[in-house]
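Use these hints to put chain B onto chain A, whose structure you have.
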Amino acid sequence: MWRTILRRVLIMIPQLILVSILIFMLAQLMPGDPFYGSLNPNSDPATIARMRHAAGLDLPWYQQYVKWVGNVLHGDLGTSYVVNKGWTVTRIIGQRIWPTLSMGIIAAVLTYVLSISQALLAARNENKIIDRILIVWNTMTSAVPSFVFYFVMMVLFVYIIPIFPSSGTGIDDTQSFTTNFFSNLRYAFLPALTIALFSTNSIFQYLRSNLLDQQAQDYVRTARAKGVQIKDVFRKHILRNAFLPIASGIGYSITGILGGAIFAETVFGYPGLGALFVQALSGRDYTVITALMLLQGVLALLGGLLSDIISAWVDPRVRVK
Amino acid sequence: MDMEVKKQRFGSKFIKNFWRELEKDNLALLATILLIVLFLFIIIGQIFVPTDIGTMSNILSANLPPLTNGHILGTTNSGADFVLTLIASASNSLIIGFGVAILITIISVTFGMIIGYFGGWIDWIAMRLIDFWLVMPLLMILAIIFSTAKGLSIWSLILILAVLSWPPNVRLIRTLTLSEVNRDYVQAAKISGTPWYKILFTGIFPNISSTVISDFALTLAGSIGIETSLTYLGFGLKHGTSSLGTMLTVLSGSSASSVYTQWWLWIPVTLVLIILTFGIVVLGQVARRAIDQRQSVS
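From first to last, the protein sequence lines are chains A and B.
Every position in the first sequence, counted from 1, becomes a number in my numbering once 8 is added.
Every position in the second sequence, counted from 1, becomes a number in my numbering once 7 is added.
Here chain A stands alone, though its shape is the one from the complex (with noise of 0.2 Å):
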């Protein structure tokens, strides 16, 4: 188990040496530098100069790799010069982190408790009305874009019937942690909700096609024929074969959490990293973009890696000798 979990680890070092070239490169694909924001038509090309030269811009690339992955790992990821003038990157991302976790932490729990349900139900009826119903559901949610519904969700219950608040984190930094951790409830509750009630898609198809498969099987055939009851069946001996494969897409929701909350935050007006990131994009604030893409790039490898281990975890056939 140690050696599976340390190989893992080992995978993933050129796994980051990668990610973090490739978010270089698209940082030197953006116009301008950081100093791009601060100057206006009477600044002095020569002090321009200095400043680019201060910085280290004017460096060879590699060079200019070697010292930015020497920053990063300082934690030193620039200054934004847009959204949030003068501030560190890290002061930004630091308030803006917890409204993302805390909505995508009630959205991950509400999509598998969503999906599971919905699996259960289609694959004990199946071929019934409700299966196919529910087939057809999930098949819409995948196929439409998001954020189209995210929209419907926000008129139906900011507007029509109005029982959650329509933009804000309802953080504040005067209040005391419980007072911002209900008020923060109040405005995640429905994003998160949204986000889960139209992402059920990829865990409901597998859940579903598993139980089915875990119900034709030999074993199941043998017990039912010593005369026990479906139900029992079920729930200690399907269910638990059928879950293996869902328990390792736990860590992948980890790398959804930011991505998806691009949408559900610009639609909601929920400000958390999600809508930085927008806002940084339209105002071309690259080391903020720059420091979320990393952001995203370690969750992502750190998903992946949470993933294989769950996996190695509850299956000891995947574990390496």
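Please note that the accuracy of each hint is not assured.
[Unchecked claim] Below, in silico cross-link-like pairs of lysine-lysine (DSS-like), each with a Cα-Cα straight-line distance of 25 Å or less:
#, chain 1, residue 1, chain 2, residue 2
1, A, K136, B, K31
2, A, K234, A, K244
3, B, K20, B, K31
4, B, K157, A, K93
5, B, K157, B, K245
6, A, K136, A, K239
Honestly, the hints are just simulated from the structure, not real lab data.
For chain B alone, coordinates are given in the frame of chain A:
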């Protein structure tokens, strides 16, 4: 002569199977009818769409409510007729979707079959690259590229989308090819000296074609989804080229309550988007069952 007869028979058999599948599945029938009506609407509507619809600015007749001055759904904020803008946008979105899906299908069938057939180090390197790319945040990367390009034409958008989003499709085709490679017919063809490209395109390809079709439909719907999502955020197409996503952008900036009072600004666009993407996916599944009769629902 002989070949022609055979081809025709395959085509008519496909249509017969397709029709039989539709008769069994009411939802698919409904989706097909809606999709055909929508396609006809978009194609016939093209005749009435003025060429300058994206760039015109007619402030006097901008933002009219429905049923004024002969505009059924009112006008957009640049004064163009809403229905005509919707037709132009839907056709742009469709062109982008089809362009990307066709390119990706060509790439994935060619590379996926070659990788799966030859295996070895080519396969190893390709799979590591694909696995790596699959964990990358595609949407964020696309948003950055689109925003640095400051407005793209439809064709460059298609190219960028296709070049960056083929990996999952290639992986699918590779997996399918791997399961065919060890079958007896492939071994027999190899032993009898059939060249590899002939084995791939006349032997393996027909056997995986049903999945290629449904994958094409999924990619088509997915590409429309990615394109509308990104243009909705305001990244992608240049000014003057509208798509279903840019039509919904109006809402994200304006005061939120207008979303609800000015229903005509978003409900028609949303409906078109839902019918398009959902209909395409359902139709893809039906086509898959029609080709591969083993999967047909009884």
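To see whether the hints hold, each was checked on the structure:
A threshold of 25 Å between alpha carbons decides the hint, and for A:K136 with B:K31 the separation of about 15 Å falls inside it, so the pair holds. For the hint linking A:K234 to A:K244, the alpha-carbon distance of about 15 Å falls within 25 Å, and the restraint holds. Of the supplied pair hints, the one linking B:K20 and B:K31 holds, its CA atoms being roughly 17 Å apart against a limit of 25 Å. As the CA atoms of B:K157 and A:K93 are separated by approximately 23 Å, the hinted pair is consistent with the 25 Å bound.
Between B:K157 and B:K245 the CA atoms are separated by roughly 7 Å; this keeps the pair inside 25 Å, and the hint holds. A hinted pair counts as satisfied when its Cα atoms are at most 25 Å apart, and A:K136 with A:K239 qualifies at roughly 18 Å.
Every hint, counting from the list given before, is met by this structure.
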